[in-house]
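J.: On the provided structure of chain A, position chains B and C as indicated by the hints.
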Amino acid sequence: MKRHRLLIDRILVCIALLALWQLASWYFGVYWVSTPRLTIVKFYNSMMSGEMLRHAGYTIEEAFIGAVIGAVPAIILPFTLRRLPGWVSVIDPFMVGGYGAPKLALAPLFILWFGIGIESKIALVASVVFFIEYFSTLSGVRSLDAKLVQMAQLVGANERQVARHIVFPGAVPNIFAGLRIALPYGIGAAVIAELISSNRGLGYLVQIGAMNFDITQVFAAILGATFVVLAVGWFVDETEKFLLRWRPPADSLMEQIHT
Amino acid sequence: MTAPLLEIRNLGKRFASRQGREAATWVIQGLSFSVPDGEFLTIIGPSGSGKSTLLNMIAQIDVASDGEILFNGDNIGVLDQKSLKPGLDRRVGYVTQDDNLLPWRTTLDNVLFPLEVQGRLDDKARARAESLIKAVGLSGYEKYYPHELSGGMRKRTSLIRTLVYDPPVILMDEPFAAVDAQTRTQLQEDLLRLWEMGRKTIIFVTHDIAEAVALGDRTLVLTKQPTRIASEHKIPFGRPRNVKDIFALPGFAQVYESIRAEIQ
Amino acid sequence: MTAANDVVSSAAPAGPLISQRALIILGRCVFAGLLLWAWQWSANEFGIIFFAPPLAVVQRLYEMAISGEMFFDVWATLRISMVGFVIALVAGLILPFLLRLSARLTEAVEPFILWSQGIPKYALAPWLILWFGIGDTPKIVIVVLMVFYVIFITTFAGIRAVDRRLINMARIMGANETVISREVIWKSMQPFFYAGLKVALPRAVGACIVGEFLVSTQGVGYYIEHSRELSDTVGVFAGIVLATTLVLVINMIVEKMEKAALAWRPVDRT
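In order, the protein sequences belong to chains A, B and C.
At position 33 of the first sequence the residue is numbered 33 (the numbering used here), and the sequence of numbers has no breaks.
At position 55 of the second sequence the residue is numbered 1055 (the numbering used here), and the sequence of numbers has no breaks.
At position 90 of the third sequence the residue is numbered 2090 (the numbering used here), and the sequence of numbers has no breaks.
Looking at chain A on its own, in the form it has when it is part of the complex (with noise of 0.2 Å):
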């Protein structure tokens, strides 16, 4: 029953919403804010000829990759450090500086260096997911719980069998905190890179409708790349929750505040 209304009520509210969508088109005219209807055909017939998912796919492309360049050793360098907590505070100020950093800043940078292609963006992607990931990883092995190192050193198991067994699974949270973050920023950092400078991809598909002055490419192209961001953060979800089947559900909201 109370299931029922409120499925009732969120099919108001978008009606709403698109009927705030369709009045703007009206007022302002299709010219400016173009219809609903016409970006969801648009969409439909890009996605039918194949030209949405050839941009899409390069966006991805270009988010993978740069994601794995930046996140294997951000992954990686708080476990290599985890009995040298000297070394990781040497480094600490660096990394804090470049967590803090605006990253998207460089993007003209990675033009320069490595051209419009593929390159330039993958670069932009590591470097916005590398520090992200990192902190997140960190304060997972940092976190970890000492008695159950200590229960496992009792039990016998080697430094190795401890990172593998207890530190690891620890930080697996952390690690898709992290990426729940990392990547839907990863694919905002592609997708900025080519609107400053590229020939390809979603943010050009939205560049080049912009410069015909065709709003409803410009709307359709944005909604291809809302769609790419839902469905890696879905991506992740849903991986995690397998991975972390062991793990009583928790309130995420505040792991949401970076996207």
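Hints were generated in silico from the structure; no laboratory data involved.
One or more of the hints may lead you astray.
Facing chain B, a subset of chain C residues (Cβ under 10 Å, in silico) [unchecked claim]:
| no. | residue |
| --- | --- |
| 1 | ASN2168 |
| 2 | ALA2175 |
| 3 | SER2188 |
Sample of chain B residues at the chain C side, in silico, Cβ under 8 Å [what the hints assert, rightly or not]:
| no. | residue |
| --- | --- |
| 4 | ALA1059 |
| 5 | ILE1061 |
| 6 | GLY1087 |
| 7 | ARG1090 |
| 8 | THR1096 |
| 9 | ASP1098 |
| 10 | LEU1102 |
| 11 | PRO1103 |
| 12 | PRO1114 |
| 13 | VAL1117 |
| 14 | GLN1118 |
| 15 | TYR1145 |
| 16 | TYR1165 |
Please read these numbers as outputs of a predicted model, since none were measured by experiment.
No residue lacks a Cβ here, since even glycine has one placed at the ideal position from N, Cα and C.
T.: Relative to the frame of chain A, chains B and C by itself:
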């Protein structure tokens, strides 16, 4: 004989079961007792016997499903959520099991909190807060935040935070359950000393028989669900009492044993 | 996520630890030196077209400061960021408090708010530029969009996380709803609020700089992008150093504010 300050008549509480599949179950049913002014009443019951629910209803943060609660002869038992008056216009104080101190306020500011929100913060009120802080041995800790205090100190702060605004009835829900035995004895002595100073009406819920006997003028024993009164025990000791030596008093073993037999 | 200094500060008192602290500081200096050397080496190796040497960058920054161009650009960036930030802050704080009044409405709009978070906000820039022209407005809108969600979600989560028992306690003691909002809800929200602020303020500046890449005639972002178009690598580097410094200084200010406001919290927080 004067009319009781607080009277519970035929009180009942029912919770709807999950998803509403089965019939609602009565947690408390047909519960009646009365408390005269100035009595220290202890209530003891098995875990899950709805002791907190009972106090929540008296404090008016939860609705009753049935029956009446009379305060000074007026029916205050409330059957719908919207007309609840938590604390009954400051006439009912409530010391809960968790200290519920505001973590961003220092000891002193926590004690002053009720006076502040009631708009009664003057020099006299401050002096009273200071004297209570002194009485429980928290002098020197006025500027500490809750996380910097020990568990026992937090309990004391939470206790005097309720005493400071002087409600005629004070409900206590296992306030000393989460501290070690030695600290608990100390806290019990503190409580009795403070109570001797003003002789407020106290309803003190616990699951510790020795505590119920050591503190109370009278002890009520509750049944398992649905909860009602199983028996009533007069505590045969005079005041002031020495909590530490209570076990050695003649008659202690007898009261203790008869309550223990009731609980099983 | 400020993991800074935990290890150092937690190991303070005894004698030999002081030398360990000195070692760490020495290590940091060596590391900084290494980075600088790598920078210089790259400049020699790849040439000035790709890598501006550190000294040239310092000199450029000095020239920018002398000519006043630096302050002009920084001010342009800060002005847009702050206008956008304030608008987003007000909206992001008020909306959750309004939603608190109706649980039903909150539940109904929640998924849409979460989904709309997925929109890559920067992608709206070309459209906003078409619409508003190349003035301040498109940049302000971008900053507002980037900041709003952070504030909104942290405030929302903060209100939700308030301990019901504290509210009950305050009610029993005779506090009215206004007092409860101010003394209990607002106060216990502070950690969330500052967590949001720490993300939001640097992000406002970052968003403004990206906005300036896409459309501008002034600001730090404009300086970087303009230099790139002129193949002025020293300019690109100088601009990035300036942007990074600006954001890091803002970070520091927020951290100081947080520390002062949250003195009541235990120090061993993550």
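J.: Against this structure, judge whether each hint is valid.
T.: Taking the hints in turn, this is what the structure says about them:
no.	hint	in the structure
1	ASN2168	holds, 5 Å
2	ALA2175	holds, 4 Å
3	SER2188	holds, 7 Å
4	ALA1059	holds, 6 Å
5	ILE1061	holds, 5 Å
6	GLY1087	holds, 4 Å
7	ARG1090	holds, 5 Å
8	THR1096	holds, 7 Å
9	ASP1098	holds, 6 Å
10	LEU1102	holds, 6 Å
11	PRO1103	holds, 6 Å
12	PRO1114	holds, 4 Å
13	VAL1117	holds, 4 Å
14	GLN1118	holds, 5 Å
15	TYR1145	holds, 5 Å
16	TYR1165	holds, 7 Å
Hint violations for this structure: none, all hints satisfied.
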